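Below are the chains, spelled out letter by letter.
2 protein chains.
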Amino acid sequence: MTLKYADRMSRMKASDIRELLKLTQDPTIISFAGGLPAEELFPVEELMEISQKVLEDLGGKALQYSTTEGHIPLRKAIAKRMKKLGIDMTEENILITNGSQQGLEFSGKLFINEGDVVLCERPTYLGAIDAFKAYGPEFIEIQTDDNGMIMEDLERVLKETKKVKFIYLVPDFQNPSGRTWNRERRKRLVELANQYDVAIIEDNPYGELRFEGELLPAVAHYDTTGNVVFLGTLSKIFCPGLRIGWIAAKKEVIEKYVLIKQSSDLQTNTLSQMQASMFLEEYDIEAHIEKIKNLYRTRRDLMMKTMKEEFPEGVSWTYPEGGLFIWVVLPEHMNGRELAIKALEQNVAYVPGGAFFANGGQENTFRLNFSSMDEARIVEGIKRLGKVLREEI
Amino acid sequence: MTLKYADRMSRMKASDIRELLKLTQDPTIISFAGGLPAEELFPVEELMEISQKVLEDLGGKALQYSTTEGHIPLRKAIAKRMKKLGIDMTEENILITNGSQQGLEFSGKLFINEGDVVLCERPTYLGAIDAFKAYGPEFIEIQTDDNGMIMEDLERVLKETKKVKFIYLVPDFQNPSGRTWNRERRKRLVELANQYDVAIIEDNPYGELRFEGELLPAVAHYDTTGNVVFLGTLSKIFCPGLRIGWIAAKKEVIEKYVLIKQSSDLQTNTLSQMQASMFLEEYDIEAHIEKIKNLYRTRRDLMMKTMKEEFPEGVSWTYPEGGLFIWVVLPEHMNGRELAIKALEQNVAYVPGGAFFANGGQENTFRLNFSSMDEARIVEGIKRLGKVLREEI
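Chains A and C supply the protein sequences, listed in that same order. Residues 1 to 393 in full-length UniProt numbering are what the first sequence spells out, letter by letter. Residues 1 to 393 in full-length UniProt numbering are what the second sequence spells out, letter by letter.
It is worth saying that the hints were derived from the structure and are not from the lab. Among these hints, one or two may not hold up.
For identical chains, the list gives no copy identity; a pair is met inside one copy or between any two copies.
As a list, the in silico DSS-like pairs of lysine-lysine whose alpha-carbon atoms are at most 27 Å apart [to be verified]: (1) K133 / K83; (2) K387 / K22; (3) K250 / K22; (4) K342 / K305; (5) K250 / K163; (6) K80 / K291; (7) K4 / K342; (8) K308 / K163; (9) K133 / K4; (10) K53 / K291.
Because the structure is a prediction, the values reported are computed rather than measured.
Just chain A, same shape as in the assembly:
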């Protein structure tokens, strides 16, 4: 007996990050691999209070089936908070998802026919590559610099390429590069998308985690025609375990996403939606975000200072003004995957950069996470990594 799978399964492979994330469960490993938020800041006490209150107030309703679109007070609270990023929407524009990864998967399902073209940053978030890949698109990677996609390259590709369905980007403190698009490019991106009649998938999990400088408006802020789909999440500003993400888009588009959500898993967890909603309404999430930013800023600064001291010449890295990640570029003859094995022998983990290129390539790179390890482990881990780098360079 051999089960016959669908052809798409040949495109779906176990990812590097997955194997590495398994390692991070081993507490002896200093892991800069995952994208884990700092656990010590999760509002555990508050959740204990909230759990009681929600169950006292709402009883069985909190454990019952609910609507596919999501809990209305949560959608309202999210719509209100999005104004911070310059997005003017109501709860009717919002569908609650099981984390923002589900927004990526649904976007693949909504837009991609096999052979369609998806434009993405070079490098780009590997979870998005995985989600879209199931639907068989061709990826075209757009060149990037410290301010986002290079607009001339994007325009050239849009001009030359048929069947572009959408442009995917992480505009703030990108995963994996840590880089941020400037205002000018955000605006220009929307103009180009309008001109060439393609959608934009704006994946914005880190936008509010800016440690310095001015908060930038989301790409969706510049939207004039409703072609931007915004993916948000509470994972990085509240906690990821409750799996609360959302899709925000114009109403006709949200209606399509709702159909997909309904056949995919009916709805997101009722209790967790009510808990998240109470946290947003009755607790001070802005103060909570300040705490997160203060801790991550300290950790970023410490990691970068230690990198400067320990990493050999010829190795360079980005300077993230927020978020969770630093992107490291090695001399061209070096290989981030091979080096990862040597680092693991020293009980240090990171994610090799090759996995973040939709069409493969640039193996002389890796991604470091600075949010999840405490200060002592950051120093010790970077020292060990520096030693490996100095030996191998």
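Mind docking chain C on chain A? Use the hints.
Frame of chain A, contents of chain C only:
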């Protein structure tokens, strides 16, 4: 600006049940439409205790990212409980999903190429039709009687049809018909699937909710080659709001499902998995199931007694030995959709049966849910429905 969707979206339409479920949020409506478990039995007090204990014991870990496969103690507890249905598996055979609807969606993704054939019962669960439809299969409906699919019809179709990928069924107290497969057919189904080299998707949300007679082994109990994929859920024996379902299959198959889960939403809610796990380990779920069965048995009996008194001659219905649903067949000239509008005018809702036929058809049917309305509303609702039926027959 017109967004260009994928071709599959033309197959995805808003379903009847969805529109009807929206109505059930109106408390003035007596709803026999949804498949809502009785809210008053949800273990609210226990969940309050559990929420505190999980957060006290595990702190931030309960709010952090976790593995795609799911929380190991929960998978172990589920494996142990599945022995009740005659399934001998370990946690390695189990992937936790966001409700069992997600298991249906993933099964479509894993197996179906456009144009492949899916065999299903006539009638079948409409959520499964919706989930599979996205992947563009051809459905062939197998004739059924009170003991499940008619094996001669199944064998004939398997013999005549190429590209059958799997056989989908709800063996116990089926949604919508309330009917149950006998042992002989379960065994024969597995033999035929082996012979013709096709998978079986066993969707088993109600198996444990048997009010009378002997608990039957799951179809997966008869599996000898690993071609049965079992979909389970805690929605009907614990609560649906936490969205805890699972896929159980041989290890190589689970590995494929894990890849799909990872790109779809990374993982199921961490906190809810821990809560469910504690409920299964430290509370008496068997006693809880007894309570549910007692209440549902009473409601079923009352509904059937009232139907017998109030429904006119020429209308027939199934006798479910468990589960949540009764299936009503009207005289052929009558139409369940048209009648639903008349019933709604009397503030009574049910789901018209036509939606449960993968290729359309048999409109002279409807589904009644007996689990969610209290006794007074059951009597009142069936009386009103009887009046409508007597007027229209």
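Hints and how they fare:
1. K133 / K83: neither (32 Å within a copy, 37 Å between copies)
2. K387 / K22: For K387 and K22, the Cα distance is within 27 Å only inside one copy (24 Å; across copies 61 Å).
3. K250 / K22: between (38 Å within a copy, 21 Å between copies)
4. K342 / K305: within (23 Å within a copy, 73 Å between copies)
5. K250 / K163: Result: close within a single copy only, 22 Å intra versus 40 Å inter.
6. K80 / K291: Within one copy only: 21 Å inside a chain, 43 Å across chains, cut-off 27 Å.
7. K4 / K342: For K4 and K342, the Cα distance exceeds 27 Å both inside one copy (39 Å) and across copies (47 Å).
8. K308 / K163: Cα proximity of K308 and K163: none, with 45 Å in one copy and 60 Å across.
9. K133 / K4: Classified as both: same-chain Cα gap 20 Å, cross-chain 18 Å, threshold 27 Å.
10. K53 / K291: Intra 25 Å, inter 26 Å, cutoff 27 Å: intra and inter.
When the structure is compared with the earlier hints, violations turn up for hints 1, 7 and 8 and for no others.
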